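Peer 1: For reference, the chains in residue letters:
2 protein chains.
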Amino acid sequence: MDLTEKTKTEKYLYKGKIINLRLDEIELPNGEPATREVVEHPGGVCIAALTNDNHLLFVNQYRYPYKKELLEVPAGKLSPGEDPLECAKRELLEETGAAAEEFRFIGQLYPSPGYCDEIIHMYFAKVNTEGDPQPDNDEFLEVIKIPLEKAVDMVLSGTLADAKTQAAVLKVFTLKNRGQL
Amino acid sequence: MDLTEKTKTEKYLYKGKIINLRLDEIELPNGEPATREVVEHPGGVCIAALTNDNHLLFVNQYRYPYKKELLEVPAGKLSPGEDPLECAKRELLEETGAAAEEFRFIGQLYPSPGYCDEIIHMYFAKVNTEGDPQPDNDEFLEVIKIPLEKAVDMVLSGTLADAKTQAAVLKVFTLKNRGQL
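So the sequence lines, in the order shown, correspond to chains A and B.
Every letter in the first sequence is one number past the one before it in numbering that gives the first Met the number 0, and letter 15, counting from 1, is 14.
Every letter in the second sequence is one number past the one before it in numbering that gives the first Met the number 0, and letter 122, counting from 1, is 121.
Please keep in mind that the hints were generated in silico from the structure rather than gathered at the bench.
Some hints could be false.
Intra- or inter-copy, both count: the list cannot distinguish identical chains.
Taking lysine to aspartate or glutamate pairs in the EDC-like style, the calculated list, with each CA pair at most 16 angstroms apart, reads [to be verified]:
#1 Lys66 / Asp1
#2 Lys149 / Glu26
#3 Lys175 / Asp52
#4 Lys144 / Asp52
#5 Lys67 / Glu4
#6 Lys10 / Asp137
#7 Lys175 / Glu85
#8 Lys10 / Glu138
#9 Lys10 / Glu24
None of the values given here were measured: they were computed from a predicted structure.
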């Protein structure tokens, strides 16, 4: 079965700082017309950073859409043309002060495929040296270390709600259990 | 440290079919002004549906923002005022034709906390009877059964990129390994 939705027209409703919004007219597989709302995002990275004593590094920050603080793995947006691995090294250092001797790509993550084109490049990092965060001027966050097993409990109990964080913690745990990390 | 970002003004730039877009003026923790782009979404559900022969049910559908087909766990948007559990039962039946004897809540998922307020309510379902999908008129999808262990491999190898799908598969796998499912 061909499931392709054909683009008829693309229209920008908003071009912003982080996201753009498009409203496209399309043709469904049965030939009927429909519209699609598309949030454009430049993409980003996240890092599951494991210390020598088997703790994961998290950042606590205020997430305005939910009007509360959330605990997440370090992450950030790609600058135009930036290599995802370089972005991951930069964000880990900026947000946590940690440097890693080993970075491994552990897959892409599509946060909201129904209406957004964002791709998050996920990395595992074996932390070599810990240090002080170097956040941007408009970035306010706290670094928190949590034992890997406890982080898994927090994902399963619902304490860690962020999608990339749930996926990153459980990927690292499963890969380690299989002897693949 | 108080990380709260205070709302000064809220302005709607777009009110649409699935999402709205707001541009708010806020005050950072240091008192400086800033703006926040917020995508409003009604929230939704996803279901990790396990059959008696230890297969998970997936739906293959065209995801317009990525211009390609994606394999995901069954999912759907909440109707206004709808109970998430009722939504999960309805979506599982509509998208896969399956009914479940047991539904268990396995936590919330925040897909994109930087700019979107969506909450996905995640469920595990023990499938009782399989049947034929009953999709909406404008919904085109294929149902695919995959052994749980193989689905885990597909998450770890990057074949399953959708965020809720990665989290759902690894949660079920980890809970089962712990004897908690």
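Peer 1: Hints first: check each against the structure and report whether it holds.
Peer 2: Hints, one by one, checked against the model:
no.: 1; hint: Lys66 / Asp1; result: between (42 angstroms within a copy, 13 angstroms between copies)
no.: 2; hint: Lys149 / Glu26; result: neither (48 angstroms within a copy, 34 angstroms between copies)
no.: 3; hint: Lys175 / Asp52; result: within (14 angstroms within a copy, 27 angstroms between copies)
no.: 4; hint: Lys144 / Asp52; result: within (10 angstroms within a copy, 40 angstroms between copies)
no.: 5; hint: Lys67 / Glu4; result: between (37 angstroms within a copy, 9 angstroms between copies)
no.: 6; hint: Lys10 / Asp137; result: neither (32 angstroms within a copy, 22 angstroms between copies)
no.: 7; hint: Lys175 / Glu85; result: neither (24 angstroms within a copy, 37 angstroms between copies)
no.: 8; hint: Lys10 / Glu138; result: neither (32 angstroms within a copy, 23 angstroms between copies)
no.: 9; hint: Lys10 / Glu24; result: within (8 angstroms within a copy, 26 angstroms between copies)
In terms of the numbered hints stated before, the structure departs from hints 2, 6, 7 and 8, listed from lowest to highest.
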